[in-house]
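Peer 1: Protein chains in written order, with numbering that gives the first Met the number 0: chain A, 0 to 504; chain B, 0 to 304; chain C, 0 to 293.
Hint data in this document are derived by calculation from the structure and do not stem from the laboratory. Just so it is clear, CB atoms sit at the ideal spot from N, CA and C, and this is done for glycine as well. Fair warning: there could be bad hints in the mix.
[Said to hold, decoys possible] In silico lysine-lysine, BS3-like type, Cα no more than 27 angstroms apart, as pairs:
1. K252(C) / K81(A)
2. K311(A) / K68(A)
3. K252(C) / K458(A)
4. K252(C) / K172(A)
5. K307(A) / K334(A)
6. K246(A) / K252(C)
7. K264(A) / K252(C)
8. K81(A) / K246(A)
9. K137(A) / K252(C)
10. K81(A) / K133(A)
11. K383(A) / K395(A)
12. K203(A) / K284(A)
13. K256(A) / K252(C)
14. K252(C) / K311(A)
[Stated by the list, open to error] Listed next, the stretches of chain C that the computed footprint assigns to chain A, with coverage defined by at least 3 CB atoms under 8 angstroms from CB atoms of chain A:
15. 56-64
16. 107-121
17. 139-151
18. 236-249
Here's the letter readout for the chains.
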Amino acid sequence: MKRSYKMPLVTVALAVGLSSGAYAGKSDDTLNIAFDRELESIDNYYNTAREGIVISRMVWDGLLYRDPKTNEYLPNLATSFKWVDSTTLQFDLRQGVKFHNGEPFDADDVVFTLNYLADPANGAKPQNNVNWWKNAEKLGDYKVQLNLKTEFPAALEFLSGPIVMYPNEYYSKAGPEGMALKPVGTGPYQVTSVEPGKRYRMKKYDGYHAGSPKGKASIGNIVIRTIAESNTQLAELFSGGIDWIWKVKPDQAERIKAQGQFTVKNSSTMRIGYLNFDASGRHSKNPMNDVRVRRAIAHAIDREGIVKALVKGESIVVDSLCFPSQFGCTSDVPKYDYNPEKAKKLLAEAGYPNGFETPFLAYRNRDYAEAMISNLNAVGITTKFEYLKYAAFRDKVQDGASPFNFGTWGSYSINDVSAITSHFQKGTKDDYARDPEVIKQLEIGDTSVDAKVRKDAYKAALTRIADQAYMFPLWSYNTNYAFTKDVDFTPTPDEIPRFFTATWK
Amino acid sequence: MLYYSLKRFALALLVALTVSLISFSLLYISSDPAIAMAGETATDADIEAIRQLYGFDRPILVQYFDWLQRALAGDLGQSYYFRTNVSALIAERLPTTMTLGVTAILFAITLAVPLGVAAAIRPNSLIDRIALFLSVMGQALPSFWFALMLIVLLSVNLRLLPTSGSDTWLHLVMPTVVLGYYAAPAIMRLTRTGMLEVLSTDYIRTARAKGLRPPVVLFKHALRNAIIPVVSLAAVQFGFMLGGSIVVETIFALHGAGFLAWESITRNDLPTVQGLILVFSLFYIVLTFFADLINAWLDPRIRIN
Amino acid sequence: MASSSKSEPVKIAAPLWGRSLRHQGVVIGALIVAMVVLIALCAPLIAPHDPYYQDLLARLKPPVWDDRGSWDHILGTDHLGRDYLSRLIYGARISLLIGIGAALISGLIGTIMGVMAGYFGGRVDMVVTFLITVRLSMPVVLVALAVVAIVGGSLQVVIMVLGLLLWDRFAVVMRSSTLQIRSMDYVAAAQAVGCSTTRVLMTEIMPNVVNNLIVIATLEMAHAIILEAALSFLGLGVQPPLPSWGLMVSEGKDMMLFEPWLITIPGVALFLLVLSINLLGDGVRDITAPENRN
C-alpha cells in the first residue's frame, strides 16, 4: 500500500512544481546562481576551478580582452600594445579607471601585479599561467613593458584571459587572505559579501570604465551559492530559489526543455575527451605497447553513437588531439572509423585473437566509460574498470600507474594547441608515448612566433600522434545551461558564462 | 565517584590516542603526501623540498609524535586545498553541523521517547505496532532517498519549506527530520524495553498498590529509571550523527563539517579528512565519557562495579 | 520465557506481542529474503536479457505499466539501454554478496574477539573492550569513504572495508553471551573434566551463542547493504558495470525528477530486502532470546 503511493507522488510533484513561476529574480533585480563546488579562494590566483575563472571575469579586468565571438584581442585596461621584439611587449594603459575601493589604476598596479605573479615564491596557481615572463617595468605613469623569458606565442591569449590586474596598494596590505574575503578589482561587478564556500554576493559596479569591451553590467545583483547535489539544484530552480544553473546533464536538459518553463541552452566547450594508452611501456609491458592494439581500440569505439545517445548537444567527434578552434589544430590527420571487424582483425594480427584483459581508469562520465567498455567487450577486450575521484585519478596517471585511461581536458579555455597537445605529449607527466619526434615538433610550435612555422610543426606532431594512436581523441564536450525565462543569456564556447552581458527581458 | 571518574577519564584518553594514531596513518596508506601537497605542476625538486620542509623524510613514529604535539596545541596541519589551517577550517564549519546534530537528536528524542513509553504501556496495541513499523522503516530507508523525496514533496511540490541552505530555522526542518529519523528507532526500542522492565519491578508494583495515580507512577517513578540507559544511547547516537550528516549536508547544501568531509575526500585533501575523523571521534569520546558519569551519578551501582 | 515468576500482566504481554506480530514478521521477512536469494541463485535462468547488453538507441525506456512501456522490457531500460529487470535480478547477487561478505568478515572478527573476551576475561577482556570503544568512536561512513576514495572502489574493497568496520556489535553481544554461558554449570563441568580450552569453546560455548550470532549477522547484513548504497550514492561504491542495487539507485538519481521509476525500482528492492532481513533478525531474536532485544 505504502509503495504504490510513491510513484504518482513524485510524478505529480514536478508538474505542480513547474506550474507556478519563479518568485525571486527579476522582481528584486537579483540573479541567483548555483555552482556545484566551492572555491578554495575567490582570489583569482589561488584557485584553479572554472567557477573561479567565471568570477574572475566579473570582478577583474585584464590588459586585453578576447572577444568570445571573433577571438580578436581587444584593448581593455591597456589601450594599445606593441611587440618591441619577440620577447618584449609594451602597453599603453587606460587612464581614469578606478578600482572598486576607489584606488586609481595606473602603471604601478600593473608592474606590481605582474612582478608579484612572476615570483614563484608567491605560488600563484596554476604556475603555467604566470611563469613565462621575467618581469615588468614601469616606463611612465601609464606605460609598462613586459619582458618575457623566451619567445611565448600564447602571451596575448594569457594576458586577455587569466592574467588580471590587482590594486597594488590594497593587495600589498591585504594579501591573498584579504583578497579572498574582500575582493577588489576594476571589473563590471564588485563583490559585496563573501561567505567562504557558501555564498558570494555581487552588485553592478557603477563606476565601470566606459571603454571596456566587456561593457557595463545590466543586471543589478548577482548571488552565487554552492549546491553540490544536482537534484537539489534542480529542485531550487523549479521552486524559484535559484534562477540560473549550468552543467545540467544532457537527459535532464532535454526534459527541462520539453517542459517549456525554463530556457535551456547548449554550447560546445573546448573540453575534449580522450583515451590515453601506455604506448612506451611506462607502466609495464602490456598490449597497449603495440600500435596495432591501440588502432584496434580506436576502431572498436563507437564515438558517433555515444555522442548521439549520451553526450548530445553541440558535441562533435574529434579526430586530432585538440579542439578545432584552437590555434594550430587541424583535423587533417589519420582517422579511425567505427569498425569492430577491423578491430578484431588488428587484435588478431597483434597476437590477441581472443582479446585480453586490461585495467581501465576514468574519473568522470561513468556512463560514457561504461558505453566504451561495452564496445571493447564486443571485440573481446575485457576491462578491470576503476572509477576514481579526479585527484586520485590524476595522481595515478601522472605516477605512470595506468596502462589505459579515459580522461578529459579543457585547456583552461586557452585557444591554442599548446594548452593541450603540448600538455600531454611533450614528455610531461601525462605523456605515455614519450616520442622524441612529437616532442621536437611541439617544442618548435611552442616557442616560435611565426604562425606558419607553428602551424606546420603542430600539424606534424598531431599527425604522428594520430597515426601511432598514442592518444585517441573522442569527442568534444558541451555544457547545458538552464535558467529562468526572465533572463537573456548567451553562452560562449569557452565555457565562461559572462553575466555582465546578461539582461532581464 | 572520583576514582570512577578518573578511571573513565584515563580510558577516554587512551581511546583518543589510539584514534589519533589510526587517523594519522590514513595519510600514509595513500600515496606520498609530499606529491599530493606539491600539486600538479611540481617538479621532482619541488617535491623533495616539500618532503624536507614538512619532514616527511623522518620515521613515521617521529612524525606522529610531532603531529600529535601540534594537534594537542590545536594545530591539525595545513589543508592541501584551502590556504588555511585545518583547525580553523573545521572550527568554521562545526557550528552548522552541531546545530543540525542538536536539533536532530532533540527531534529523535521527542519522537522516540513518547512512542516508546506508549508502546510499553500498551504492548501489542496499535500504537505499539506503529512504533515498531516506524523503527523498522528507519533502518531500511536509505537516507539520501528519504531526503530527496522530502525535497520533492515539501519544497518543490507543496512549497512549504526552502529547499537548501541554512539561512533560517525553516531551512533546518528537513535536514533535522532526515538525520533525526535514523537515531529514533534505537532510542525508541530502548525506552520501550526499559519501561517494560521497570514497570514490572517490585517498587512500581508497590507504588501502584499504594494507590498512587498511574501518571505519577509512570512519569515520576518509572520513566526516571527507564531513561538512564537512554541518556547514554542518545549521546552515542549524537556521535554517530556527525558521521551521518555527510549525506544530509551534501543534499541540503549545508556548509558544515559533513559537507567539508565529503568535499575533502573528493579532493584528496587528507589533512582535512584526518582532522575531521579525529574531531568527530573526540566528540563521541567526550560525549560517552559524560554520559557514563551521568549514569554513574544516577545509578550508584555502576560506580561500585 | 523471561523471568516468568512475576505475574505482572505487562511482562507477560511482551512475549505475546513478539509471538503474534514478530512471528508474522519472521514469516514475511523469511519469505522475502528466500525469494531474493532464489532470484540471485537463478539469475541466469530468469533474467529475460543479458544485464550487460547495451543498446544506446533504446535508452530510458519506461516500465510496462507506463503508457510508453512495452513487455519487451518489463521494468524498462537504464541510461545505457540495458534491461532494467535483468539488472535488478543480477543486482540481487551483488547486493546479497556485499551483505553476506561483510557480515561474514565482521562476524568472524567480532565473534573471535567477543568470545575470547567473555571466556578469558581479565586482560583479554580489557583489550577487547578497549578495541570496541575505539571502533565505536570512529565515524564509520567517513572512514569507509576515505579508505575507498584512497584505495579505489571495487566489490572486494567495499566488502573488506565494511567487514572491517562493522564487527563491533558482534563483539559486544558475543562477549556478554559468552560471559553468561561461561558461568553455567555444564561449562564448569567440562572444564573440571579437563577439556582443553579450544574444546570447551567449540563444543560448549559456540553452540550456545550461535543463535545470537545469527541475529546479529542478519542485522549487520542489512546494515552493510544500506551502507553500500550510501557509498554508491556518493560515487564510491562497487564499480560499474556490476549492477548492485545501490549503484542502480545512484545511476538513476540524475533522472529522479523526470523518470522517478529509475530510482524507485531499485530503491524499493533495496528497502524491501533490508526491511525483511531486519524483520527476520528481530523475529529470530524474539523467539530465541527475548531478553536481548537491545
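Peer 1: Are the hints correct? Go through all of them and say.
Peer 2: Quick rundown of the hints versus the structure:
no.	hint	in the structure
1	K252(C) / K81(A)	violated (54 angstroms)
2	K311(A) / K68(A)	holds (22 angstroms)
3	K252(C) / K458(A)	violated (43 angstroms)
4	K252(C) / K172(A)	violated (47 angstroms)
5	K307(A) / K334(A)	holds (19 angstroms)
6	K246(A) / K252(C)	holds (16 angstroms)
7	K264(A) / K252(C)	holds (22 angstroms)
8	K81(A) / K246(A)	violated (39 angstroms)
9	K137(A) / K252(C)	violated (56 angstroms)
10	K81(A) / K133(A)	holds (17 angstroms)
11	K383(A) / K395(A)	holds (15 angstroms)
12	K203(A) / K284(A)	violated (59 angstroms)
13	K256(A) / K252(C)	holds (19 angstroms)
14	K252(C) / K311(A)	holds (19 angstroms)
15	56-64	holds (count 3)
16	107-121	violated (count 0)
17	139-151	holds (count 3)
18	236-249	holds (count 3)
In the structure shown, a violation is registered for the earlier hints numbered 1, 3, 4, 8, 9, 12, 16, in ascending order.
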